[in-house]
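Engineer: Please arrange chain B on chain A, whose structure you already have, making use of the hints.
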Amino acid sequence: MHRFMHRSGGRFQPGDNKKTLAQLKNGQSGTVVEIQGGRRMTDRLNALGIVPGKKITKTTAMLMRGPVTVEVDRAAVAIGFGMASRIIVRPDHAP
Amino acid sequence: MTRILLMGNPNVGKSALFSRLTGVQAIVSNYPGTTISFTKGYMKLGGEKAEVIDAPGTYTLEPTSEAEEIALRLLDSGDIVINVANAINLERNLYLTLQLLERGIPMVVALNLWDDTKHRGVNIDLEKLRQLLGVPVIPTVAITGQGIKELVEAIPSAIAPHRPPNTRDERWATIGQIIEQVQHISHRHHTWRERLADASVKPLSGGIIALAILAAAFFVVRFIGEGLINYILDPLFNTLWAPVILKLSQLLGGSGFLHDMIVGHIAGGQLNFLESFGLLTSGLYVPLGVVLPYVVSFYLVLGILEDTGYLPRLAVLMDTILHRLGLHGYAIIPTLLGLGCNVPAILATRILESKRERFIAATLISIAVPCAALQAMIFGLVGARGLQYVAMVYGTLFIVWILLGLILHRLVKGFSPELLIEIPPYRLPPWRMVFRKLWFRTYGFLAEAIPIILGAILVVNVLYILGVFDAIANFTAPVVTGLLGLPREAVTALVIGFLRKDVALGMLAPLALTSGQLVVGSVVLAMLFPCIATFVVMFRELGPVDMLKAVGVMIVAALATGAILNLIL
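Chains as they are written, first to last, in the numbering used here: chain A, -7 to 87; chain B, 37 to 605.
If we strip away everything but chain A, and leave its shape as in the complex, we get:
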């Protein structure tokens, strides 16, 4: 699991049952538990309904630290890699 930490770019150290959105596998779902960002970032994510407690499913990810695509409330949202690395998610079931 720690092999890929240098790619994830997040400050977050993954625990037993938490991951960053960037680390989630394609097709995997989870619940947002924390957003590790400043006011501006939380504002922008709040606007799209990405707030702690929200169910989220990662659909795809682009190569080379490209954007991550997720589904939230039946809407598709693309999130930049850095931002996705600072959204902490509790996966629904262990991968």
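No lab work stands behind these hints, which were simulated from the structure alone. As the structure is a computational prediction, the values presented were derived from the model and not from experiment. One or more of the hints may lead you astray.
Computed footprint of chain B on chain A; a stretch qualifies when at least three of its residues, placed anywhere within it, have a C-beta under 8 angstroms from a C-beta of chain B [what the hints assert, rightly or not]:
(1) 9 to 16
(2) 22 to 30
(3) 40 to 52
(4) 57 to 68
All C-beta atoms in this analysis are idealised placements derived from N, C-alpha and C, irrespective of residue type, glycine included.
Structural biologist: The following block gives chain B in isolation, referenced to the frame of chain A:
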């Protein structure tokens, strides 16, 4: 007069609803951020005239971009709000609804895209929702007009239920409770559209789809543009208009000031609409015979791309590259619009979040993204020498776009925010809308471009006669001849480029340039000085200081590129 505001999340169909209510055409597309300014129209409300305003989309009343700030400012001026919400994503849309209710403005909710609820498996208890929100809730389908009558009837009963200001968490908690009671989601299988939607943002399949779509777009634009020119407009000009002009030329005595102004120069009885430079020859042929066909074909293809919902997916694919240029993926939308006209493109940079991004995007567009009018002339003039020369012009501009972006990213202070956008579902383009939008944009081109083109040709003729161009040519000869390797008369084109780039490129036609010189001339003309309309919009959007900076970058970049090309070719 009562003022009604259409407020809602981006891409929920506010503009489509606005067109339904007022009969005024507003640009409708399938991506968030189509409306970046407001459009005003009027409707009848109980026998009285009411003003309707189509505001830019916003997710919250805590703005995160220029477009959202405009929406917030408009809110203070409205008497009634029609909150347009997307029935498919009720949770997220209700956040703005609650914020609006807290403001205490009389409100009606239009639950748009209602027709999608059935096949997306979304069931909403409307009666319950009305009860909980305390305002009328009307299901609508703006594209087809369903529910519009009911919405209009409900406007007089708009009310402002008392709702105290809440915190963010409280709002989400309230939304949770509302959704629990009114929304029921039934399970359903993935549709082919959703599979395609996923495929177009996956690394490999997405790249292939993007290349296929962009290549197809290019060929369709060219096919339709050339088709219109070769089979309709050229025959019309040559068989119908040419005899009229030749007759007129005879009547005017074949030479003299008036003759040259109206008909232009006719060398040896041979009429060349592009080179003669009279008001009734080049003045009509440039806008109608050369540019119009490409404006029509470009905006048709762009309209289809906009309405299917593909553009935000292209933004996702381009994000990594655009980050290196100090932008994020969504900057691809203003850039593509720039291939039509730089003016709406620079306005569209309002969808970007930071001042830095807007400066970089606007500068890159004004320098390295040629508008449809200029491109039409490039295909006409440079294309006549062989398509490899056209490829040289485009290749150079593309390299400039990349290099300049890399440089600006290093030089401009600040940082650029990351991509965060909603990706709309794919939709089959509503054809009636596609053609209305095409007509709207084409009409806009004709109304704005023809007077300026005629004015530019008038100015060219007057300046020639007064000998002003000779003076400028002498003065600038070291740069134009020495640095760029163009004949000194070419400076007249560079000067006129300030008025219209298409007319300006046309001025290079009679100069008997080599193909290499024509490439240099086209590239420098594309890069150097935006046309006056772009200039004005840059001034307004960036402010005087940043505009001057952009112009500085432009002059250096254009001359450097021209000089390098001159050395190579």
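Engineer: Hints first: check each against the structure and report whether it holds.
Structural biologist: Hints, one by one, checked against the model:
| no. | hint | in the structure |
| --- | --- | --- |
| 1 | 9 to 16 | violated (count 0) |
| 2 | 22 to 30 | violated (count 0) |
| 3 | 40 to 52 | holds (count 6) |
| 4 | 57 to 68 | holds (count 9) |
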